[in-house]
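There are 2 protein chains.
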Amino acid sequence: MSPKITTELLKQLRQVMKNPKYVQEPVQAYIVPSGDAHQSEYIAPCDCRRAFISGFDGSAGTAIVTEQHAAMWTDGRYFLQAAHQMDNNWTLMKMGLKDTPTQEDWLVSVLPEGSKVGVDPFIIPADQWKRMSKALRSAGHDLVPVKENLIDTIWTDCPQRPCKPLIMLDLSYTGVSWRDKITALRSKMAERKVMWFVVTALDEVAWLFNLRGSDVEYNPVFFAYAVIGMNTIRLFIDGDRMMDPAVREHLQLDSTLEPEFKIQVMPYGSILSELQAVGAGLSPKEKVWLSDKASYALTEAIPKAYRYLTPYTPICIAKAVKNASETEGMRRAHVPKGTVTEIIAADKAEEFRSQQKDFVELSFATISSTGPNGAIIHYKPVPETNRTLSVNEIYLLDSGAQYKDGTTDVTRTMHFGTPSAYEKECFTYVLKGHIAVSAAIFPNGTKGHLLDSFARSALWDCGLDYLHGTGHGVGSFLNVHEGPCGISYKTFADEPLEAGMIVSDEPGYYEDGSFGIRIENVVLVIPAETKYNFKNRGSLTFEPLTLVPIQTKMIDVNLLTQKECNWVNDYHQKCREVVGAELERQGRHEALRWLIRETEPLVRVQ
Amino acid sequence: MSPKITTELLKQLRQVMKNPKYVQEPVQAYIVPSGDAHQSEYIAPCDCRRAFISGFDGSAGTAIVTEQHAAMWTDGRYFLQAAHQMDNNWTLMKMGLKDTPTQEDWLVSVLPEGSKVGVDPFIIPADQWKRMSKALRSAGHDLVPVKENLIDTIWTDCPQRPCKPLIMLDLSYTGVSWRDKITALRSKMAERKVMWFVVTALDEVAWLFNLRGSDVEYNPVFFAYAVIGMNTIRLFIDGDRMMDPAVREHLQLDSTLEPEFKIQVMPYGSILSELQAVGAGLSPKEKVWLSDKASYALTEAIPKAYRYLTPYTPICIAKAVKNASETEGMRRAHVPKGTVTEIIAADKAEEFRSQQKDFVELSFATISSTGPNGAIIHYKPVPETNRTLSVNEIYLLDSGAQYKDGTTDVTRTMHFGTPSAYEKECFTYVLKGHIAVSAAIFPNGTKGHLLDSFARSALWDCGLDYLHGTGHGVGSFLNVHEGPCGISYKTFADEPLEAGMIVSDEPGYYEDGSFGIRIENVVLVIPAETKYNFKNRGSLTFEPLTLVPIQTKMIDVNLLTQKECNWVNDYHQKCREVVGAELERQGRHEALRWLIRETEPLVRVQ
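Sequence order for the protein chains is S and P. Numbering follows the working numbering, in which position 270 of the first sequence is assigned residue number 270; successive positions increment by one, without gaps. Numbering follows the working numbering, in which position 279 of the second sequence is assigned residue number 279; successive positions increment by one, without gaps.
Just so you know, the hints here were simulated from the structure itself, not pulled from any lab data. Every residue gets a Cβ at the ideal spot worked out from N, C-alpha and C, and that includes glycine. Please note that the accuracy of each hint is not assured.
[Stated by the list, open to error] Below, a list of computed lysine to any residue pairs in the SDA-like style, where the Cα atoms sit at most 20 Å apart:
1) S:K535 - P:K447
2) P:K188 - P:S172
3) S:K134 - P:G76
4) S:K130 - P:D461
5) S:K563 - P:Y308
6) P:K531 - S:E511
7) S:K262 - S:S172
8) P:K134 - S:K531
9) P:K285 - S:S109
10) S:K98 - P:G538
11) P:K553 - P:C565
12) S:K531 - P:Y422
13) S:K188 - S:K130
14) P:K535 - S:D292
15) S:K98 - P:V321
16) P:K553 - P:R588
17) P:K188 - S:K348
18) S:K490 - P:Q562
19) P:K134 - S:S109
20) S:K535 - P:Y308
21) S:K134 - P:V321
[As the list claims (entries may be wrong)] To list a few chain S residues with every Cβ distance to chain P over 10 Å, as calculated:
22) E350
23) G445
24) R537
25) P601
[As the list claims (entries may be wrong)] Computed, partial: chain S to chain P, Cβ under 10 Å:
26) D87
27) Y308
28) C426
29) K447
30) S453
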């Protein structure tokens, strides 16, 4: 991986920062956030502005360019990758380390008095705007919205915004019709006394209308907004997608139906002016509900007194709790599926996945890494770094796919020769952490961040750790990362876990320059039976949906307790039963023999 | 415990809420917060306004009285106690339960349109004012400051504000002189570019000047404020305490010394006008540093643009990390000290404690409870509830004291007969949680709230839990509860743990109407030796400072792992060595025989 040379680009950007064609007054700093206008985690190529200006293309990072400096904030998953991808015009700001300044503090320390800091108001979430604007103002600077995106002005070969055909999901996949979802949403709106709800997150639009798309790689979503009133539905979407008779049928666009379920289709680009019109026409007490992560531009369209902002929308929360059809789909999606370089192995994994029923696309770029590449947490093999798999190095494969019945995400770490005692020791601590979360029993209403330390305890005991969260919410044929729940030491605003939610359980250990280990299952939150029942609260635990053997060769059995040993054996027994039966049905005898071999029970020598 | 009859008092309060002598316009609701003007947890009798109006005298709770309603918000520790102490004029709002409205939501639901909500601006912290004012404003109401405290106007026999003599601590106790503390504070101020620092918390004033007092029961503090400039020191304190030659000598009031260490003594009541004068005389860029928990009245004295607010002050953070003299003192304070009703047992505990060297007073009201009283988490025995200890019931004793060399806080749960299998089972789960925290190894910089679930895991496995945090910071001859660190699922704003901090480790289990169990040690954060050292971060663990046997009769040994069993045996061995030696030196042979008997090693039958 050689860094992107950005000297010329930065020079151009610094010019437009002073160009009256784009800015009312020159800006002394320009912020390039990670996201798109929907605050998506994964974004379309046309929105990869931060990667364009810096070369760093990880999923999280914010660039700030001033007259003199260019700095990039990212988190522990990306320290190595960002350092490799950026040239020395850039300073890497390692978030989470004690001495790293916040963006605000850094700006205050480098800017001349009374500076203007510019940002695209469509890209920055309202809550971030507020925090940053306040911090800058108290130091005598100003955060200003720059309507034209300054990166776009210098990005001469910027790709077009995608506009791919839609996929309709029927009731057998979704369990609930879009009309019933709208009705449920309106009753939440009535509860909070709001008249309008603005849907800004792409996966929330997709979920609400039981539609999927492929505008963003790995995420089955499409560019759209929606504005739901108590009696109106407006869908903002581009292209001739609404000409497709099947889509028109699905959305009942040509039926005569109750006016409150009649969808008005409008151009994607008209959201701001329509929302401003809504904002201008509000009578007192008519509130408009937005996520506090909605863009500053859309939030400002509604006068402050009329805004009702929450960190999680009712759609986000409803979507996280999977219904019976969705849970059943997720279970099905996890049953099979499916020497060499990292890339060939990754391609092979995709090939196997694509042969499965209901396959749509991958759910993220496959991480296929061997030896030292494994320590780059979000590594994606490219020709310059491609290493040959060997019998001397640990191999890590993190792969997932979108199926019409669900979304998968699994990581396994393997050795094709003889692992060292140290590699086995580290693997076993990671496994102990994985089991501690997977087998945890906890009260109903517990927030996921309270389980994070369970995953680390065995590593901590030996002075080890990993610099990423333990788990993320998983969508149902939707984004592989979704809120509002998760398992992380960082997430304090997570919503309590409840039965039906789906998260990943993926502790790891990474040794820079040597190897990476991660063991990841997708797990479903289910009720737990306990001996007692304090305050009648009920208890929860997890059921693994992922059924892929964990390589026993990597386990130092004597570091496991008997309980942990039983967990592995029970898990492997279930893999044999469920996956074995399916392999037998498909007549895949070689795979079946491999499965039996890989799921031999562990025996602990006392 | 019979409830306080409050019908007449509420009638009087509702009258003054409309009396133009006290309020510019009538207020439709009046908030009575828990604290005093310093946001102290424990308060002087003259500040117990919420207890006066409602009868509920727990350490946490907020009362709100409207024309029609009277409601009390408190947390899980106090549900039972508040229900017992309040008459049916009052509605108990159980914080932490899902369906309990916030104070703001409740006010909005019960108030007529355009209401005024009054509160004493000296009592409400600025951050609470801001949150509540915003929520009320967005619903069309107003939060208004009522200068005269309305409870005081109807509290005819309100006690006087205490003004007791001061205790001076020399270097052998504090390790650092007050002059050096001021110098360190000024360098923190320079770092943040602030010119003034306002000390509002009583324990911060006491710590800064190496003084102690006894104005508030159990907390060795005195009523005072301080305003530290880069070249000036102002101490706001009442009474003739500053006439004491020893105090004058300690503070060098009569010495000719550098002007920047010259202390100006001013009346306690003049803080607001002095601060307003400071606020009026600020030049641009001269910031004033206040805690965001400082009162609204004092915060408002500084124009908004000049305020620098932080959740934890530099004094709070410096105070939490104990130096060598303080740590040594805490160790000494925990070595000895020291049938029957609950009250006699509590008095006896105080008597034993008071015989120890450097004893000053208790650090909180002794909790001495037997049988069902044990389930009232912050129970304090009074004649109406006083139960006789028996051989059939579990006895819980939570007691602590202030010594000149440190502050102690210990809970032990005992049975004087034969505990039932269920009682032993619950006790053993609590013990497992206590050990899991005490023996935990975790990276430097870990926040305490990430350890909270370790204390609950064994209880959760069986469907049990407890409705309070696991630990609080402990002062050094200061408040027994202090920030900025702690171990709780609730505290997200806690500062990272570092070596030298002192916290309690006190999981419990409470069965309403039957019994209460809690096992509490005070523990010191110390560096841990680990096999590896990830990213050179270093690891931490805890050393118990409390050395009191844990009743082995209550332990079901077969529920312990061998590691847990070893922990108990090692702990008891240390009790024998350290406390045994001291008992021998004091010639207390009976106590020594008891100690030996109670610390017999556990043997696990496999």
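How the hints compare with the structure:
1. The straight-line distance between the Cα atoms of K535 (chain S) and K447 (chain P) is roughly 29 Å, outside the 20 Å bound, and the hint therefore fails.
2. Distance hint between K188 (chain P) and S172 (chain P) is unfulfilled; the C-alpha atoms sit about 25 Å from each other, more than 20 Å.
3. Of the pairs offered as hints, the one joining K134 (chain S) and G76 (chain P) is violated, with about 36 Å between alpha carbons and a cut-off of 20 Å exceeded.
4. For a cut-off of 20 Å, the pair hint linking K130 (chain S) to D461 (chain P) is broken: about 43 Å separates their Cα positions.
5. Our distance criterion of 20 Å between C-alpha atoms is broken by K563 (chain S) and Y308 (chain P), whose separation comes to about 53 Å.
6. With a C-alpha separation of about 15 Å, the suggested pairing of K531 (chain P) with E511 (chain S) holds against the 20 Å cut-off.
7. For the given pair, K262 (chain S) sits about 23 Å from S172 (chain S) by alpha-carbon distance, which is inconsistent with the 20 Å threshold.
8. Taken as a hint, the K134 (chain P) and K531 (chain S) pair is broken in the structure, with Cα atoms around 46 Å apart against an allowance of 20 Å.
9. Between K285 (chain P) and S109 (chain S) the CA atoms are separated by roughly 15 Å; this keeps the pair inside 20 Å, and the hint holds.
10. Distance check on the hinted pair: K98 (chain S) and G538 (chain P) sit about 14 Å apart at the alpha-carbon level, within 20 Å; holds.
11. Proximity of K553 (chain P) to C565 (chain P) is assessed by CA-CA distance (about 14 Å); at most 20 Å being required, the pair is judged to hold.
12. Under the criterion of a C-alpha separation no larger than 20 Å, the hint pairing K531 (chain S) with Y422 (chain P) is consistent with the structure, at around 12 Å.
13. As the CA atoms of K188 (chain S) and K130 (chain S) are separated by approximately 27 Å, the hinted pair breaks the 20 Å bound.
14. About 36 Å separates the Cα atoms of K535 (chain P) and D292 (chain S), which puts this hinted pair outside 20 Å; it is violated.
15. Among the hinted pairs, K98 (chain S) with V321 (chain P) is consistent with the structure: their alpha-carbon atoms are about 17 Å apart, no more than 20 Å.
16. The straight-line distance between the Cα atoms of K553 (chain P) and R588 (chain P) is roughly 24 Å, outside the 20 Å bound, and the hint therefore fails.
17. A hinted pair counts as satisfied when its Cα atoms are at most 20 Å apart, and K188 (chain P) with K348 (chain S) does not qualify at roughly 58 Å.
18. Restraint check for K490 (chain S) and Q562 (chain P): the C-alpha separation of about 33 Å exceeds 20 Å, so the hint is violated.
19. Between K134 (chain P) and S109 (chain S) the alpha-carbon distance is near 31 Å, which puts this suggested pair outside the 20 Å criterion.
20. Between the alpha carbons of K535 (chain S) and Y308 (chain P) the distance comes to roughly 44 Å, so the proposed pair goes past 20 Å and is violated.
21. Restraint check: the Cα-Cα separation between K134 (chain S) and V321 (chain P) comes to about 32 Å, which exceeds 20 Å; the hinted pair is violated.
22. The beta carbon of E350 (chain S) sits about 33 Å from the closest Cβ of chain P, which is more than 10 Å, so the claim that it is off the interface holds.
23. The Cβ of G445 (chain S) sits about 7 Å from the closest Cβ of chain P, inside the 10 Å cut-off, so the non-interface label is violated.
24. Non-interface call for R537 (chain S) relative to chain P: violated, since the shortest CB-CB distance, roughly 8 Å, does not exceed 10 Å.
25. The claim that P601 (chain S) lies off the interface holds: its Cβ sits roughly 23 Å from the closest Cβ of chain P, which is beyond the 10 Å cut-off.
26. About 25 Å separates the beta-carbon of D87 (chain S) from the nearest beta-carbon of chain P, more than 10 Å, and the hint is not met.
27. Checking Y308 (chain S) against chain P: minimum C-beta separation of about 9 Å stays under 10 Å; hint holds.
28. With a least beta-carbon distance of about 9 Å to chain P, the hint placing C426 (chain S) at the interface is held under the 10 Å criterion.
29. Interface hint at K447 (chain S): satisfied, since its Cβ lies 8 Å from the closest Cβ of chain P, which is below the 10 Å cut-off.
30. Using the Cβ-Cβ criterion of 10 Å, the hint placing S453 (chain S) at the interface with chain P is satisfied: the shortest such distance is roughly 5 Å.
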